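First to last, the protein sequences are chains L and X.
The first sequence begins at 1 in our numbering and counts up by one.
The second sequence begins at 1 in our numbering and counts up by one.
One or more hints might be untrue.
Since copy identity is lost for identical chains, a pair holds within one copy or between any two.
[Said to hold, decoys possible] Quick list of in silico lysine-lysine cross-link-like pairs, DSBU-like style, CA-CA up to 30 Å: (1) K64 <-> K173; (2) K97 <-> K64; (3) K64 <-> K129; (4) K243 <-> K102; (5) K64 <-> K243; (6) K141 <-> K64; (7) K129 <-> K173; (8) K172 <-> K129; (9) K97 <-> K129; (10) K289 <-> K141; (11) K64 <-> K172; (12) K13 <-> K256; (13) K289 <-> K173; (14) K64 <-> K256; (15) K243 <-> K13; (16) K102 <-> K141; (17) K254 <-> K141; (18) K254 <-> K64; (19) K254 <-> K13; (20) K129 <-> K254.
For the record, the hints were derived by calculation from the structure and aren't laboratory data.
In this text the structure is predicted, and so the values were computed from the model without any measurement.
2 protein chains.
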Amino acid sequence: MELSAFSNHCRAKIDQVCIDFINQLNLANTLKASILYSYTAGGKRIRPLLLLAMVQAFNEDINKAINTAASLELIHTSSLIHDDLPAMDNDDYRRGKLTNHKIYGEATAILAGDSLLVNSFQLIIQDDKLTPLTKLALIDKLANCTGANGMIGGQQLDIENDNQALNIETLKKINLYKTGKLIEFSLVAPAIICNQDNEIILQLEQISFHIGIAFQIQDDILDVIGNKSITGKSTNSDNKNNKVTYVSFLGINKAKQELIFHFEQALNILRRLNLHSELVEAIFNLIIKRDK
Amino acid sequence: MELSAFSNHCRAKIDQVCIDFINQLNLANTLKASILYSYTAGGKRIRPLLLLAMVQAFNEDINKAINTAASLELIHTSSLIHDDLPAMDNDDYRRGKLTNHKIYGEATAILAGDSLLVNSFQLIIQDDKLTPLTKLALIDKLANCTGANGMIGGQQLDIENDNQALNIETLKKINLYKTGKLIEFSLVAPAIICNQDNEIILQLEQISFHIGIAFQIQDDILDVIGNKSITGKSTNSDNKNNKVTYVSFLGINKAKQELIFHFEQALNILRRLNLHSELVEAIFNLIIKRDK
Chain L
1 MELSAFSNHC RAKIDQVCID FINQLNLANT LKASILYSYT AGGKRIRPLL
51 LLAMVQAFNE DINKAINTAA SLELIHTSSL IHDDLPAMDN DDYRRGKLTN
101 HKIYGEATAI LAGDSLLVNS FQLIIQDDKL TPLTKLALID KLANCTGANG
151 MIGGQQLDIE NDNQALNIET LKKINLYKTG KLIEFSLVAP AIICNQDNEI
201 ILQLEQISFH IGIAFQIQDD ILDVIGNKSI TGKSTNSDNK NNKVTYVSFL
251 GINKAKQELI FHFEQALNIL RRLNLHSELV EAIFNLIIKR DK
Chain X
1 MELSAFSNHC RAKIDQVCID FINQLNLANT LKASILYSYT AGGKRIRPLL
51 LLAMVQAFNE DINKAINTAA SLELIHTSSL IHDDLPAMDN DDYRRGKLTN
101 HKIYGEATAI LAGDSLLVNS FQLIIQDDKL TPLTKLALID KLANCTGANG
151 MIGGQQLDIE NDNQALNIET LKKINLYKTG KLIEFSLVAP AIICNQDNEI
201 ILQLEQISFH IGIAFQIQDD ILDVIGNKSI TGKSTNSDNK NNKVTYVSFL
251 GINKAKQELI FHFEQALNIL RRLNLHSELV EAIFNLIIKR DK
């Protein structure tokens, strides 16, 4: 199956599962509306697509992983809502639309993110195609990749190092956690679902390290040269916020070289695994060549 | 065992598990420090104590439930950090100490709460005394009681109804979720751990409904007549915030009657279950007679 057909097929499934799930969170209607707003505000669903492509690379039925992929996308949605808050990056726009707190207010935006962080795990629990032990391993890995030693910890490192002189190693560490850890879940969750051994998981973690950095460098490049009408964000916002990025460190040309270096490292490790990973490669390509 | 001996014994165990767990969240040191600050800032550990007392009422070893009780206390800690935020209740003091965001800033306080919401579930996963199916049932129940259809949804209802004319039924609904749902977990988690049937679980949910309301009424009464040096909060803060409470609705005397009514309802249902529930009763007494 080609990437576009695969993407359309999978996105429809993921969106259906996520939207049905959000619609059940109906105790407080404004809270549900706010969660739905951010979930449906666009987004390429890169992380769940990567997860499902990896499941296919292991020759396994992607239906075994739809709920897991959906839970990952909901966690990602939560991080966008919280990262945009005034106390964090203070962004008014995301994907060309007003951010969650600009529409629903800060309190609801905080609670929307909180709900997603908690309820998303239930999608894995409710999946009747996984064994109890697989579910527990997935929840544990997702909590690790998301929590204080994962994405959220990376966001904290980012805040602490904001407006400070930091070296490129620290920048990489921030990205490894803030951006890389949910990508790591995209690649490792399929290995858990497909009962792969630890050696494979270690290789997948290596790949996600490189792809996470490539992803972030592309983000930084787009911030400088991107077209606001495409990215939906103000160009040069990192510079205005005095944010240290790969581009401010290396300049645009060296940043592009670094991006290609990490992309190729990821591809090399992936190819040595000898999986049916054409779609995974196509998504990697999408990540580094995206224009938003 | 008497309540004070039981409490001291259990608190020491819960604190040890929680503090060891928090110390492992060491990617970003400020984040860890901020979580530790709020966890160790006091608190009576009522919810985990109730949970362990209920396990004992079922004649089961409390060691099977320490991790579950600890995860509940960490979720509760998260809710305190987020509820105090400027966008929420905007409180400067909690338990007589500066609130988390007053010390660590709003961004870190948001991320500290986020981490706890995510990582707490791992304490249940890591427990080697529970079967995989029990762990999944506990995580599912905890996510339900915490998320958009639980405590977090209740906080949203509270925000939406702030400063508005609302009736006492709406006030009860808010409390049922905002305060009652974590108490429900305290009582139902032991039934899950001890393999009780659904009929028992329904009774326990009824008890938690009444105790949740009693707990909240006592909170509202303390807000009016409490001593700040004991409660650690400003007296009359609800009134200053134009917050509708049981006391503003009913007046202090009828609020006290209502408290006793719900307390007795809870006791009646509990006693009909014929468990060894002396300690559970003693903790209920503690809840409605507390002075902070």
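Going through the hints against the structure:
| no. | hint | in the structure |
| --- | --- | --- |
| 1 | K64 <-> K173 | neither (32 Å within a copy, 38 Å between copies) |
| 2 | K97 <-> K64 | neither (33 Å within a copy, 49 Å between copies) |
| 3 | K64 <-> K129 | both (6 Å within a copy, 28 Å between copies) |
| 4 | K243 <-> K102 | both (23 Å within a copy, 24 Å between copies) |
| 5 | K64 <-> K243 | neither (40 Å within a copy, 48 Å between copies) |
| 6 | K141 <-> K64 | both (17 Å within a copy, 23 Å between copies) |
| 7 | K129 <-> K173 | neither (36 Å within a copy, 36 Å between copies) |
| 8 | K172 <-> K129 | neither (37 Å within a copy, 39 Å between copies) |
| 9 | K97 <-> K129 | neither (37 Å within a copy, 48 Å between copies) |
| 10 | K289 <-> K141 | within (29 Å within a copy, 43 Å between copies) |
| 11 | K64 <-> K172 | neither (33 Å within a copy, 41 Å between copies) |
| 12 | K13 <-> K256 | neither (34 Å within a copy, 53 Å between copies) |
| 13 | K289 <-> K173 | within (23 Å within a copy, 50 Å between copies) |
| 14 | K64 <-> K256 | neither (37 Å within a copy, 54 Å between copies) |
| 15 | K243 <-> K13 | neither (37 Å within a copy, 44 Å between copies) |
| 16 | K102 <-> K141 | neither (32 Å within a copy, 32 Å between copies) |
| 17 | K254 <-> K141 | neither (34 Å within a copy, 50 Å between copies) |
| 18 | K254 <-> K64 | neither (41 Å within a copy, 56 Å between copies) |
| 19 | K254 <-> K13 | neither (39 Å within a copy, 54 Å between copies) |
| 20 | K129 <-> K254 | neither (46 Å within a copy, 53 Å between copies) |
Of the hints listed earlier, those the structure fails to meet are numbers 1, 2, 5, 7, 8, 9, 11, 12, 14, 15, 16, 17, 18, 19 and 20, in rising order.
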